[in-house]
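> Top line first, the protein sequences correspond to chains A and B. Convert by adding 116 to the 1-based position in the first sequence; the result is the number in the working numbering. Convert by adding 769 to the 1-based position in the second sequence; the result is the number in the working numbering.
Please keep in mind that the hints were generated in silico from the structure rather than gathered at the bench. One should not assume that every hint holds.
For each label pair, taking beta carbons as the anchor points, the in silico distance ranges come out as [what the hints assert, rightly or not]:
hint, chain 1, residue 1, chain 2, residue 2, range
1, A, T127, B, L831, 19 to 29 Å
2, A, E178, B, P793, 31 to 41 Å
3, B, T1019, A, K157, 48 to 58 Å
4, B, V1157, A, E162, 52 to 62 Å
5, A, P260, B, G819, 49 to 59 Å
If you only want the chain B side, here are some residues facing chain A, beta carbon under 7 Å, derived [to be verified]:
hint, residue
6, D811
7, V813
8, R817
9, S1031
10, M1032
11, L1095
12, L1099
13, V1104
14, F1107
Here's a subset of chain B near chain A, in silico, CB distances under 7 Å, partners left out [unchecked claim]:
hint, residue
15, I808
16, R812
17, W1102
18, T1103
19, M1113
Glycine residues also receive a C-beta, built at the ideal position from the N, C-alpha and C atoms.
Next come the chains, spelled out residue by residue.
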Amino acid sequence: MAKVTKLTRPTLNKSDEVYLIGIFKGTLVTLKHAFKSLVGKSRGSESLKSSGLGVTMQYPEEKWDDELPEYYRGAPALVTDEQDRERCVSCQLCEFICPPKAIKIIPGEIPEGDEWAKVEKKPKEFEIDMIRCIYCGLCEEVCPEQAIYLRKDYAITGTSREEMVHDKERLYEIGGKRVGLVNKWNNLK
Amino acid sequence: MEALIPIIIVIAKVIGITFVLTLPIIAYSVYAERRFAAIIQDRVGPNRTGFAGLLQPLADGLKFILKEDFVPSHVNKFFFWLAPGLTMVPALVTLSVVPFGSALFGEKLVIADVSVGPLLVFAIASLSVYGITIAGWASNNKYSFFGGVRSCAQMISYEIALGLSVIPVLMVFGELNLSNIVQQQSESGWLILPLWNESGHMFSSAFWASPETHERLWLWIPMTISFFIFTISIFAETNRMPFDLPECETELVGGYHTEYSSMKFALFFLGEYAAMIVGSALIVTLFLGGWSLPFGWDSWVFDTFGNWAGLIHLGVFLGKLVAFILFFILIRWTVPRFRYDQLMKLGWVVFFEAALINIFIATVIIAAPHLDKGPLAALIIGVIIFSVLMFYIAKSLDKMLSSDGSDDKELIPPAENANN
C-alpha cells in the first residue's frame, strides 16, 4: 500500500507578499544558472558530456558513439561468418515480418555441383530502403541464421532516394563479420 | 558654404547615431537575447554563423528578406501595410533626444538638443500603441485583435504610471533638457546613487553636515521609488516578458503579428527591441547618470582626452545601455507572465497610487528648506492624509476588482460545478 502524503500549499510570508524580493531571489537563481553554464558546471553537464557551455554536446564535432549501449538499434546490416560466407540463406522471413516493408530480397539458387548445394539459396539481391526502415529490430529477431543485425550506425544520410537504398554490397560493408552459430551452413547438420 | 556646415553636422549625427550605432545594437540585442537566454537555460544558442555566431543577425535579416511577403486576402490592406512602420518609426524617432555622450569637438552627441526631452519621448513613444492596435485590427483575425486590444489597454495604463513616476525626477533636476540633466548628474552624482560622485569628499565631516547632502539623502527615497515604477512601466510599455500579453504565444497564437510574415514581421520584432533600447536609454539617462562616470572621473576624462572625451563617454553610455538590455533579458527568463487582471491591477491599483504619493513626498522634501515649521508640518500632515486616502482607494479598488469575477472560483459556472 502506497503511503499517501498530503501536501499543503505553503503560505506566503511577508517577503513573498512584497513580490519584489521574490523577483530578486528569482533573478539570483537565473544568474546562478547563467554563471554555472558559462564555466561549464551546469547540473548534468558531466554525464551528458557537455562541450563546455551549458549541457549541450556540439554534435558533429563530438559524438556520443562510445556511450551507446550494447543493445542500441542502428542501421540493419548483413554479416558474414568466420569463413566469409554469406550467412543469409534467403528464407525471406525478415522481408515478410518487416513492418514498413523496407526489405526486398531476390533469392538466388546455389547450383547443384557446389560444395554448399545443401544450403539451396543465397540472396541474389538484398535491399533495405533506409527511408522506410523504422529500426524496430524485428528482422534481427526473426532471422534463423543470425545473418542480419542492427549495428550502431545511426547517421544514415544521402542526397537522393536511390542513395538511401542499401544494396547487398553496402549492407555487408556496414555489417562486417560475426562469429558464432550457423545452421544451414554447418557441415554437420 | 558656411550655412551648409550645420546641416552636414546634423546629417552626420543622424546617420552616425541611428544607422551606425542603434540599428546594429538592435540587431545584436536579438543575438544577445538568444545567446543569454540559452546560457541561462544551460544551452548554447546560435554559435555557428561566423565566429561564435556573431553573423547570426545578418543571416536572420537575409532570411527575413528572402521570405515570401504574404498578405492574406481578408485583411485591410492599407492599415496592414501601415502598422509595421508605425511600431518601428516612433521608437527610432525618440532616439533623437537621447544624449549618447558629451561633446566631441564642441558638438554634443545628441541629434536634437531640445529642451522638452522626456516630454517628446513620451509623446512619440505613445504613438507606437497605434502600430500594434492597428496591426491587430487590420489583420481581421480574432487572436490578433485580442492582442491589439490588450496592448492598447496595457500601454495606456502604464503610460500614466510612467508619466507620474518621472515627475519627481524632473522636479529635482528642474530641467527638461536631457543633455543638461546628464551634465547635472555628472557634476553632482547619479540620481539613485547620490554618494558616488564626490571623489573622496564624502569622507569629510563637512560634507555630511551640509544641508545639501541631507536633502539629497532624503530625496534618495522618492527617487528609488520612481526608479522602480519607471523601470517596471518601461517593461510594460515595451511589451517585454512579464508583461508581453499582446503577443503571448500560449494564449493568442502570436498576438497582433500572427498574420505578418517576412520583413513586415521583422519590423514588429525589431521595433520591440528598438523600444527596449529607447527605454533603457531613458532609464540610464534619467537615473543612472547617462554618459557620466562615477567618482568624479569625468573631470579627469575631460582633462586627459580633451576633444575626444565624447568618445569615452559614448562608450560609457553604451556600456550602461548594454547592461540594461541584459537586465531586461534576465528578467524575461526569471519572471513568468502576468495574468491580464493582475497586470491591470498592478498598473492602476499599485503604481498609479504609489507614483502619486511619491510626487508629494518629493515635493515635501524639496520644499522643506524654504518653509517655516508651521507650514511644513501642515504640508506633511496633508501628504499623510492624502497617502492614507490613496491607500484606502487602492484597497477598495482591489477588493472591488477581485469580487468582480476575476476570482478563480466564480469563473466556474455553478451548474458545471454540480456535475463534477
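> Would you list, in rising numerical order, the hints stated earlier that this structure does not obey?
Violated hints: 1, 3, 8, 9, 10, 11, 14, 19; rest satisfied.
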